[in-house]
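Got chain A; can you put chain B on it based on the hints?
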Amino acid sequence: MDLNYTAEDLAFRDTVRAFLDANLPKDLQQKVLNHKRLSKEDIVRWHKIVAKQGWVGTGWPVEYGGTGWSPVQRHIWEEECAAVGTPPIMPFGVNMVAPVIMAFGNEAQKRHYLPRILNCDDWWCQGYSEPGSGSDLASLKTRAERQGGHYIVNGQKTWTTLAQHADMIFCLVRTDPNVRKQEGISFLLIDMHTPGITVRPIIMLDEEHEVNEVFFDNVKVPAENLIGEENKGWTYAKYLLGHERTNIAAVGRAKRELQFLKRVAEKQQKNGKPLLEDPVFAAKVASLEIEIMALEITVLRVLSQEGSKRGPGPEASMLKVKGTEVQQTLTELMVEAVGPYALPFDPAYLEGEHEHSVTGDDDAAPLAPYYFNYRKTSIYGGSNEIQKNIITQMILGL
Amino acid sequence: MDFNYTPEQQQFRDALRRFIDKDYTFEQRNRIIHSEQGISDQAWATLVELGMTALPVPEEQGGFNGSAVDMLVVMQELGRGLLVEPYFATVLGAQFLKLAGSRETLLEQVAAGDLKLAAALGEPQSRHDLSDIATTARKDGDGYVINGAKAVVVHGGQADKLIVSARSAGSQRGTEGVSLFLVDADSTGVTRRDYRTIDGQRAADIRFENVRVPASALLGQEGSGWDILDAAVDYGAALLCAEAVGAMDALNAATLEYLKTRQQFGVPIGKFQALQHRMADMFMQAEQARSMATLAAVKVSSQDARERRRIVSAAKVRVGQALKYVGQQAVQLHGGMGVTNELPAAHHFKRLTMIELTLGDTDHHLARFVAQPDFRKAA
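Chains A and B, in that order, give the protein sequences. Positions in the first sequence are counted from 1; adding 43 to them yields the numbering used here. Positions in the second sequence are counted from 1; adding 7 to them yields the numbering used here.
Excised from the complex, chain A in its bound form:
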């Protein structure tokens, strides 16, 4: 039993810290730390800085331009990024479609897409969910019919994150409607600039344009954009699922946000004293802090079991459930901490259109939108109820 990083890991952490210290632009960092909204340019800018260092493909093998890091090294990288407040590296290309291309794509696809993903030359989005297919993903209806050298795609995807920025979408499409639902699905890469694609915004509770509906009306997709074999898409989708959930617990971010919460609760007054001295509120914060401590150790336990395997096993479902509970409690307590100052809503401030929020309390301004936005976490990426189904079946054997 040894909970310490090895000397090698610590040296690696120093290298990461030095890189972040020298390369994270201060304006981007301030946006992240102050809970402001990030633009496409912000995210691409950070991605290209990391790409220049060669550290985008943290879960990728070296042969494809990845770092070849161990699970512990990846964890350190993610923790350090979260601690200082970097913009995210979007997962759709790097962590989602890329592993599928590596495992099931042909040589031409690997040569074309993988370097472009590393360098963020294409913005990717995910075409999985449909209006009638949420947790029951395999019931999806978007049709792709083969006509000569093309597929003709018709249907609708929804909840498509940042599709308004996207150059490419990876889609699950139905290529055979006459077999068991899992057996008639194919995995197709589609250029978002193809005629017949319409993107319509869905505005979330915080009035942010984060997700979209994507409509396909006789969209002509070259047959060489099919990954692997026709009607094997469900297998590839399940493979992807195992890669989607690395760092799902986001402990590093939770630790940073806990410090933010405490700072806010030190500034807020109750009965003439800092709110953090109020025993009732302090008990809630302490309980959350302890949950984060426990989750950090649980994450490390799962990581150390992972060893050389690619991606965590069904234990990732536990990390998703507990991680999102922590994230949601954090935002809940932030809103509670600022009290009535949660009410004023100033989206222009969040977009960076003016320097200070309407009330002047810039810490408080983003918190209610943050809280409302984060209700998504227990729903996306396989709802927490679906995660419990996975735990039930894969770990408990019920």
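Source of the hints: derived by calculation from the structure; they are not laboratory data. All the pointers check out, no bait thrown in.
EDC-like cross-link-like pairs, simulated, lysine to aspartate or glutamate; straight-line CA separation at most 20 angstroms:
#: 1; chain 1: A; residue 1: 298; chain 2: B; residue 2: 381
#: 2; chain 1: A; residue 1: 74; chain 2: A; residue 2: 394
#: 3; chain 1: B; residue 1: 278; chain 2: A; residue 2: 179
#: 4; chain 1: A; residue 1: 310; chain 2: B; residue 2: 381
#: 5; chain 1: A; residue 1: 298; chain 2: B; residue 2: 314
#: 6; chain 1: A; residue 1: 327; chain 2: B; residue 2: 368
#: 7; chain 1: B; residue 1: 278; chain 2: A; residue 2: 428
#: 8; chain 1: B; residue 1: 384; chain 2: A; residue 2: 320
#: 9; chain 1: B; residue 1: 331; chain 2: A; residue 2: 368
#: 10; chain 1: A; residue 1: 263; chain 2: A; residue 2: 219
Distance ranges between label pairs, derived from CB positions:
#: 11; chain 1: A; residue 1: 390; chain 2: B; residue 2: 279; range: 41 to 49 angstroms
#: 12; chain 1: B; residue 1: 346; chain 2: A; residue 2: 390; range: 49 to 57 angstroms
#: 13; chain 1: A; residue 1: 223; chain 2: B; residue 2: 267; range: 26 to 34 angstroms
Residues of chain A clear of chain B, computed beta-carbon distances all greater than 12 angstroms:
#: 14; residue: 57
#: 15; residue: 59
#: 16; residue: 79
#: 17; residue: 87
#: 18; residue: 151
#: 19; residue: 252
#: 20; residue: 282
For clarity, every value in this text was computed on a predicted model and none was experimentally measured. Don't be surprised by glycine CBs; every beta carbon is placed ideally from N, CA and C.
Chain B alone, transformed into the frame defined by chain A:
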């Protein structure tokens, strides 16, 4: 980073498990609980034979110098096996002796299994605040005279010697002026009322009336016993967290088995999603508790007392939250059978519930966590 147990740790874990499965079954334990003595000399002899009493004792005193992580392994097994012997009480007592120093002969006796100890700390008015001490120690010639009452001293009736906290100075509530004494349980003026506890163990209310002890009975320095007490109790709390994890594992395993075998509406009840999700939640609670019990075992011996307090209290909180959920839901999922006294599950539930109330409950440790300087400093 390494979360594995060493081959030695796995060996004594397996040895303990074999002993419990074969010679400390549920039925045998029931006979022990309802016996006159309430503990088993035979079981004690086996624990000694397996090296369990020697494990926490330093090598110089004939022990194995086992770490808190070694004890984490042991206590998980004892929690699983619902052991009711005065083992934890003795290990906790030995921790006081180790921290106080210069009690080599007694530690040798602990290692050999010839000495049983108990820590008499709580009082009728103190609840979980062990610095609330009305018991007094008055200097008298070259010794001390102790007067007072200690409440619910676990295995106090079975101990040969008692570690007693008493006030030699200061006001009743406070960490200054606390002295610790090692008192023979059969000293003149000591009366013990021994009784059963609801989780199958024994405890005693102990009165000290003009109990005269020599100066050599003092553990550590007069008036500055608090740091030893605080550290020893943290060690005990960390061990209880480990015991609770073992009990939760047993409870979850039993509940899972019940969900797979109990049939209603023509199917095993584990096919019902309401119960599946409950079981998934119980599993996650136990894993979070395991993480904190592990962290506490690793950090309880830290030289940094602030870190130790912070992490042990965090562990006792998280384990306390988990054991309530797991215990209550295990009973619920067992249905009518869960509320009978016939299944081990009910006894795990009772033991878990009492662990939460021993050496500081969840609220006590949550408040202690908040009171640590790091809670505010971090902000």
